[in-house]
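Work out the full structure: start from the sequences and follow the hints.
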Amino acid sequence: MSESAAVRATGLTKYFGGKTAVDGVDLSVPKGMIYGVLGPNGAGKTTTLRMLLGIIEPDKGSRAIFGNPRPRAVGDRVGYLPEERGLYPAMKAREAIAFMGALRGLDWAEGRARAAEMLDNAGLGHAIDSKIKQLSKGMAQLVQLLGSIVHKPDLIVLDEPFSGLDPVNQERLEALIVAEQARGATILFSTHVMAHAERLCDRLAIIAGGRRRFEGTVDDARARLPMRAVYTPRAAGADLARLLPGDAEQVGDSWRFTLPDDGIEPLLGTLIAGGHGIAGLSIERPRLHDAFVRIVGRADAGDVE
Amino acid sequence: MSRLARQTAVIARRDFVATVATPTFLLFLLAPMFMILFGLVGGLGASHMASGASGRAQIAAIADDATAERLRAADRALRATYHPQMRPADLRIEASQADPAAQARALLAERDKDIYAVLYGPLERPTILREATSERSAPYLAFLAEQVLRADRAGLAPDAALSRPDIQSVSRAAPSRTGRQSTGFAAIFVVFFLTLLLAGQAVGMLAEEKGNKVIEILAAAVPLEAVFLGKLIGMFGVALLFIAFWGAMGLAGFRLVPEGAMALAGATPAIGWPLFLVFGAAYFTMAYMLLGAVFLGVGSQASTVREIQMLSLPITIFQFGMFGLAAVANGPGSPLALFAQIFPFSSPYAMAAHGATDPRIWPHLLALGWQLVWVALTITAAARFFRMGVLKSGPGGFRWLRRPAVTPDSLTPM
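Chains Z and C, in that order, give the protein sequences. When we follow my numbering, the leftmost residue of the first sequence carries the number 47, and every step to the right adds one. When we follow my numbering, the leftmost residue of the second sequence carries the number 923, and every step to the right adds one.
Hints were generated in silico from the structure; no laboratory data involved. It is possible that some hints are incorrect.
[To be verified] Result set (DSBU-like, lysine-lysine): computed pairs, CA atoms no more than 30 Å apart in a straight line:
1. Z:LYS183 - C:LYS1135
2. C:LYS1132 - Z:LYS65
3. C:LYS1135 - Z:LYS198
4. Z:LYS77 - Z:LYS138
5. Z:LYS183 - C:LYS1132
6. Z:LYS179 - Z:LYS77
7. C:LYS1035 - Z:LYS65
8. Z:LYS177 - C:LYS1132
9. Z:LYS198 - Z:LYS179
10. C:LYS1035 - Z:LYS138
11. Z:LYS106 - C:LYS1035
12. C:LYS1135 - Z:LYS138
13. Z:LYS179 - Z:LYS138
14. C:LYS1035 - Z:LYS177
15. Z:LYS106 - Z:LYS138
16. Z:LYS183 - Z:LYS198
[Said to hold, decoys possible] Residues from chain Z that keep clear of chain C, each with C-beta distances beyond 12 Å, as calculated:
17. PHE145
18. GLU244
19. ALA269
20. GLY309
21. GLY323
By construction, the Cβ of each residue, glycine as well, lies at the ideal position given by its N, Cα and C atoms.
Here it is, written out as structure tokens:
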């Protein structure tokens, strides 16, 4: 297969009623990557994923999975965890996972065997024969996640996979995603929690208001904001503020300012020469969250954490 | 195609297992038992009441002894020609008193017996009083009087017979047209009854998935057509289990009363019993799939259980409509019959009956193919409406009226 992108979309557009939910989104997810789609709730992330998977048809634009313009034709190579979780309550955990595998072309017996193994590895070995309705919400969600990867798909699409999980299970999920990447799968997930994206994503796209605002690596996104320095003088003085860059603001004993374009060294020289000394100095890379707010604007940042 | 079949089988299997492996299924399976039980109790009660009533009912004649004997003889002879259940009320003869008219009125007014009619006066000009609601007793009494007079005039003894009939029983080689039509009607009724009992369930089948959001998983993994068809086949499996169970019970029941089974067999259909039954089973399958697909499609649009409950009435009426159409058109050759056979949703019923009167095989193969096409069409349409209405996808509603023009090359090839 010559196609290097696992997922490619151009100009995806979807109208709901008179409203434009997704407005010309372009996306390209290279094979083997963990790719994040970031944005506040209601930004159009879910609609975009659903169009990519062929659950709904775009009103405009085109998409391809593994080079195939009909995503459903390659459905057996795809695993999907929808945002709206749901399993048959009366099914046992093992059967639920095997059923989801069977929907994607996996043999029932094989699915059951794998289900037991996966549940054991995920620390849910005691729940193999429990019915879904007997599990906690977080456990059921984990079962559903296992069900969406039991057939070892080449592309895994997870819609807000972290929401509803406690921190311990969030960590388990991160490990699972990394393990799936190591197996060779491409992972595409959406989230409105920047911390997960920051740790996991090889590349990411930021969507807000139905439009793609950014595409690149986490570092690319952070590079949108200058680095910031926090400086604590040994001896403060009246002329200190004059020596520091114009945007410097005092926070307790320290000063925060944007790193000058020519680097920190000339400034340090001036400060030492002025007799202020250096009690503390740190240079901070901007966090993804700050970059996100910068990219989409505070008004559009919504509920992003 | 094999992928679609496999996906359909996965859905069907899940539905079948999920339905059968519940305590509710036992209730469903045994429900007809209650019906039979109540039917038996009700039937016994009704027949008891009926026999009690007929035992008390009488017709009366006020006559002297000589006439009484002759009236009784005429009554015996005439009564013997009736079917036991259709016989007139027992004849009671009262000796004539001073005022027969008053005596007759007193008889009619009696409390402990139901007297339908009373005859008094000379046989040449008898007066018959009858209850307002009784219509057949008075002519019967009049005819008895006439018979007695005729025998008198001819000088015949009361029990004398002028003719000696030789009655022979002959079984017909070719069943009558009416017999075959009633076999046809029985086929329509059986197919209809089973569909009515079993296919209506289809209306609520997607409610579960919509309620617990599993529909998102299904819709993502397999085509909606496979979901719909799979659900239909799963439920059909449940229906077959139901029929197999009660079929076996029924056969066991018939073994106890073989004469009853023979009587029920009726007229042999034109295509012969084996083919008639095979086609009957095929038409039941088609009726189930066709109506089930319609109900499933309609039900999938409903968003609440209340809406689904509201839908069950129009659905039952629709089924009765198709049954009525097929039943009215039960008779070869009429334009209405042809219509009922062609119209897809009445076709399985009408064609199930068709084999009773028409010996040709090819119309059945044609009809089954035609119905199969409609099963596919209905499922496709149901899936499409579901995609538009519920998943909000595709060219739904009247959105194209408001939407800016889209150039064809910007559309996703599908």
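Here's how the hints hold up against the structure:
Restraint check for LYS183 of chain Z and LYS1135 of chain C: the C-alpha separation of about 14 Å stays at or below 30 Å, so the hint holds. Under the criterion of a C-alpha separation no larger than 30 Å, the hint pairing LYS1132 of chain C with LYS65 of chain Z is consistent with the structure, at around 24 Å. For the proposed pair LYS1135 of chain C and LYS198 of chain Z, the alpha carbon gap of about 23 Å is at most 30 Å, so the pair holds. For the given pair, LYS77 of chain Z sits about 34 Å from LYS138 of chain Z by alpha-carbon distance, which is inconsistent with the 30 Å threshold.
This hinted pair checks out: LYS183 of chain Z and LYS1132 of chain C have alpha carbons roughly 18 Å apart, not beyond 30 Å. Restraint check for LYS179 of chain Z and LYS77 of chain Z: the C-alpha separation of about 37 Å exceeds 30 Å, so the hint is violated. The straight-line distance between the Cα atoms of LYS1035 of chain C and LYS65 of chain Z is roughly 83 Å, outside the 30 Å bound, and the hint therefore fails. Simply put, LYS177 of chain Z and LYS1132 of chain C have alpha-carbon atoms about 19 Å apart, close enough for the 30 Å limit, and the pair holds.
Only pairs whose Cα atoms come within 30 Å are accepted, and LYS198 of chain Z paired with LYS179 of chain Z is accepted, the gap being roughly 26 Å. Proposed proximity of LYS1035 of chain C and LYS138 of chain Z is contradicted: the alpha carbons are some 70 Å apart, above 30 Å. Straight-line distance between C-alpha atoms of LYS106 of chain Z and LYS1035 of chain C comes to about 87 Å, which puts the hinted pair past the 30 Å bound. Distance restraint check for LYS1135 of chain C and LYS138 of chain Z: the Cα-Cα separation of roughly 17 Å lies within the 30 Å cut-off, and the hinted pair is therefore satisfied.
Taken as a hint, the LYS179 of chain Z and LYS138 of chain Z pair is honoured in the structure, with Cα atoms around 9 Å apart against an allowance of 30 Å. At roughly 69 Å between alpha-carbon atoms, LYS1035 of chain C and LYS177 of chain Z are farther apart than 30 Å, so this suggested pair is violated. For a cut-off of 30 Å, the pair hint linking LYS106 of chain Z to LYS138 of chain Z is broken: about 41 Å separates their Cα positions. Taking the CA atoms of LYS183 of chain Z and LYS198 of chain Z, the gap is about 24 Å. The hint holds against a cut of 30 Å.
At roughly 6 Å, the least C-beta separation between PHE145 of chain Z and chain C is not larger than 12 Å, which violates its mark as non-interface. With 12 Å as the threshold on Cβ separation, the claim that GLU244 of chain Z sits away from chain C holds: the shortest Cβ distance comes to roughly 28 Å. For ALA269 of chain Z, the requirement that its beta carbon stay farther than 12 Å from each beta carbon of chain C is met, with the minimum near 34 Å. GLY309 of chain Z, annotated as away from the interface, keeps every beta carbon of chain C farther than 12 Å; the closest lies near 49 Å.
With a closest Cβ-Cβ approach of about 62 Å to chain C, GLY323 of chain Z is found to remain outside the 12 Å limit, as its non-interface label requires.
Figure legend: structure checked against the earlier numbered hints; hints not met, in rising order: 4, 6, 7, 10, 11, 14, 15 and 17.
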